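Heads up: the protein sequence lines correspond to chains D and U, in order. For the first sequence, position 94 (counting from the first letter as 1) is numbered 94 according to the numbering used here, and the numbering increases by one without interruption. Numbering-wise, the numbering used here comes out as the position in the second sequence, counting from 1, plus 391.
None of these hints come from the bench; they were simulated from the model. Source: prediction; values computed, not measured. We put the beta carbon where it would ideally sit given N, CA and C, even for glycine. Take the hints with a grain of salt, since some may be wrong.
Some chain D residues near chain U, calculated using beta-carbon distances under 10 Å [said to hold, decoys possible]:
id, residue
1, Gly48
2, Val49
3, Thr102
4, Leu103
5, Gly105
6, Glu187
7, Gly267
8, Thr268
9, Asn271
10, Cys281
11, Lys285
12, Phe288
13, Pro290
14, Ile308
15, Leu309
16, Thr310
Simulated pairs of lysine-lysine, BS3-like, Cα-Cα distance not exceeding 25 Å [as the list claims (entries may be wrong)]:
id, chain 1, residue 1, chain 2, residue 2
17, D, Lys285, U, Lys465
18, D, Lys285, U, Lys394
19, D, Lys184, D, Lys217
20, U, Lys427, U, Lys394
21, D, Lys350, D, Lys381
22, D, Lys172, D, Lys199
23, D, Lys217, D, Lys106
24, D, Lys326, D, Lys231
25, D, Lys280, U, Lys398
26, D, Lys151, D, Lys280
27, D, Lys285, U, Lys476
28, D, Lys350, U, Lys465
29, D, Lys261, D, Lys172
30, D, Lys373, D, Lys384
31, D, Lys335, D, Lys319
32, U, Lys398, D, Lys285
33, D, Lys214, D, Lys247
34, D, Lys247, D, Lys172
35, U, Lys447, D, Lys280
36, D, Lys372, D, Lys342
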Amino acid sequence: MSDSLFIEIGSYQEHKASESCFGDAILSEKLPEEQRIISVLSDGLGSGVKANILSSMTTRMAMKFVESDLDLVRSAEVMMQALPVCQIRKISYATFSIIDATLEGKTRIYEMDNPQCFVVRDFQQYHPAHHEISSENWKDRVINVYQFVAKEEDRIIIMSDGVTQAGLGNPKYPLGWQRDGVWKFIENQVRRHPHISAKDLAEAIVKEALTKEKDGKAGDDISCVVVYYRKPRKLLLLSGPPFDEEKDHEIAEMIDYYDGKTAICGGTTANIIERELCLKCEMDKTSFDPNIPMASIMPGIDLVTEGILTLTEVYRMLKEGIDENKDNAATRLAKLLLDSDKIDFVIGTKINEAHQDPNLPMELDIRRNIVKKIFRILQSKFLKEITVKYV
Amino acid sequence: MEKIQVKICAGTACFVMGAPQIQALEFSMPEDLVDKIEVTEVRCMNHCSQGKGYNKGPFVEINGEVVEEATMEKVLTKIRDLIAKEEEEKC
């Protein structure tokens with residue numbers, strides 16, 4: 001994908017307090033070959049498992065239809081016909097908001113019965129041109145279509161009605177938080193934190209909505225997706241000594257001239273860079289954790305960690321979530337990865353003999369295996385743009 | 392008296408063999424040793440790859456002398472022996 005623009009997608013959800021699963025569904029995909037991203041948010045009729053089935057089916061179908069560039073009215077008809085009919089209400093129903101955006105900025109938003117989206121440009125609401133379409137068979141279902149060319153630093157925010165109606169039933173918010181209230185909060189957030197990430201903004205909106213609710217308990221499913229167009233945050237992660245020692249200087253130069261953040265994972269790798277760039281590396285005692293080797297501090301490098309144990313823990317956290325209460329080398333690396341959009345892995349393939357000793361614990365995997373797992377999860381779950389180079 | 396230098400290897404192999412338990416020495420030093428030792432963690436000192444064996448870790452250097460298969464108890468004993476020896480020499 002291009003270096004000039006990056007589209008970050010972040011989402012956050014709370015389910016209705018009385019339910020154990022989400023009635024809203026969110027599905028986002030990147031189509032790298034088309035330099036395009038699609039994100040779908042759907043609110044299923046009712047709440048709990050039934051709503052979850054309706055919204056999950058809707059997001060999945062909508063994703064397929066939009067991806068294949070099928071006619072939207074026809075697609076919406078198929079979706080409505082395919083959804084199971086609610087036994088109580090005798091209708092099949094789920095709302096949707098779809099963002100279809102390319103890295104050139106060409107953006108389309110389709111909305112059916114969800115609260116109207118926000119487009120934020122220069123800290124203000126931008127109102128793109130839009131038109132309505134509806135099907136012959138479902139005249140009461142109107143789809144709003146917005147079309148515009150997004151610019152760097154634009155944001156799109158789509159949400160379920162759990163956000164705008166947060167607080168209904170609470171005497172302080174008789175009509176709920178409402179669109180104006182949500183906008184005031186968004187405006188305040190982007191003015192105070194102009195570079196707030198998509199994920200952090202989505203989380204802030206949902207958490208703020210929750211504060212409007214009676215006793216802080218969600219009266220409905222509350223979901224939000226933020227799409228943020230910006231310059232990519234780049235990270236170079238160097239791990240492992242090159243197979244051929246003659247390449248030591250090459251990787252050192254790579255890190256020296258890189259136009260983004262840099263991280264080194266591995267003691268021997270750090271030694272190579274220290275030697276080749278004449279830097280001084282010291283242990284960072286503030287990262288002490290009995291389970292993860294300490295990080296080190298090297299001038300000009302954003303993070304230096306041990307290799308295989310730290311990477312293994314990072315992979316576990318990417319799967320299961322980062323432990324916010326810890327501040328060790330692995331949590332720092334995981335956060336650095338998640339804060340980056342474009343990550344260039346440079347992996348040395350020299351096998352560390354020490355780790356192959358059968359007397360050592362089995363957790364010492366081969367570097368290439370664990371890195372492969374990390375970049376796959378970064379691509380599929382976190383939609384990061386990844387390149388990998390083996391040296 | 393010069394402080395006794397204690398270097399704990401923080402390499403991967405030493406770490407999995409138990410170095411963190413010895414690193415704790417730095418954060419909770421026994422009172423009698425507070426002014427007498429200086430603890431530092433260092434990246435792999437290569438004792439494992441230079442003949443001592445990868446499974447002989449964790450390695451700790453105490454005033455340059457290598458302690459292999461180090462434990463907190465082993466390290467503390469070694470430090471106290473050194474202090475006793477130095478005090479004996481002084482007398």
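Each hint, compared with the structure:
1. Gly48: Since the shortest Cβ distance to chain U is 45 Å, the answer is violated.
2. Val49: At about 44 Å, which exceeds the 10 Å cut-off, the nearest Cβ of chain U leaves the hint on D:Val49 violated.
3. Thr102: violated (44 Å)
4. Leu103: For D:Leu103, the interface hint is violated, since the closest Cβ of chain U sits about 40 Å away, which is over 10 Å.
5. Gly105: violated (46 Å)
6. Glu187: violated (46 Å)
7. Gly267: holds (5 Å)
8. Thr268: holds (7 Å)
9. Asn271: Because about 7 Å separates D:Asn271 from the closest Cβ in chain U, which is inside the 10 Å limit, the hint holds.
10. Cys281: Since the shortest Cβ distance to chain U is 7 Å, the answer is holds.
11. Lys285: holds (8 Å)
12. Phe288: holds (7 Å)
13. Pro290: Holds. Min distance 4 Å.
14. Ile308: Status holds, d = 6 Å.
15. Leu309: D:Leu309 check passes; min Cβ-Cβ to chain U is 6 Å, inside 10 Å.
16. Thr310: This interface hint holds because 9 Å falls under the 10 Å limit.
17. D:Lys285 with U:Lys465: holds (23 Å)
18. D:Lys285 with U:Lys394: At roughly 20 Å apart (the allowed maximum being 25 Å), U:Lys394 and D:Lys285 satisfy the hint.
19. D:Lys184 with D:Lys217: holds (22 Å)
20. U:Lys427 with U:Lys394: This hinted pair holds, its Cα atoms lying about 5 Å apart.
21. D:Lys350 with D:Lys381: At roughly 29 Å apart (the allowed maximum being 25 Å), D:Lys381 and D:Lys350 break the hint.
22. D:Lys172 with D:Lys199: violated (28 Å)
23. D:Lys217 with D:Lys106: Roughly 38 Å between the alpha carbons, so the hint for D:Lys217 and D:Lys106 is violated.
24. D:Lys326 with D:Lys231: Violated. D:Lys326 to D:Lys231 sits at ~30 Å, over the 25 Å cutoff.
25. D:Lys280 with U:Lys398: Distance of about 17 Å is within 25 Å: holds.
26. D:Lys151 with D:Lys280: With a Cα-Cα distance of about 42 Å, the restraint between D:Lys151 and D:Lys280 is violated, given a limit of 25 Å.
27. D:Lys285 with U:Lys476: Violated. D:Lys285 to U:Lys476 sits at ~31 Å, over the 25 Å cutoff.
28. D:Lys350 with U:Lys465: violated (34 Å)
29. D:Lys261 with D:Lys172: Cα-Cα ~46 Å, so violated.
30. D:Lys373 with D:Lys384: holds (14 Å)
31. D:Lys335 with D:Lys319: holds (13 Å)
32. U:Lys398 with D:Lys285: Holds: U:Lys398 and D:Lys285 sit about 14 Å apart, inside 25 Å.
33. D:Lys214 with D:Lys247: violated (62 Å)
34. D:Lys247 with D:Lys172: violated (66 Å)
35. U:Lys447 with D:Lys280: Given that 25 Å is the threshold and the Cα spacing comes to 28 Å, the pair is violated.
36. D:Lys372 with D:Lys342: Holds - the C-alpha atoms of D:Lys342 and D:Lys372 are around 16 Å apart, at most 25 Å.
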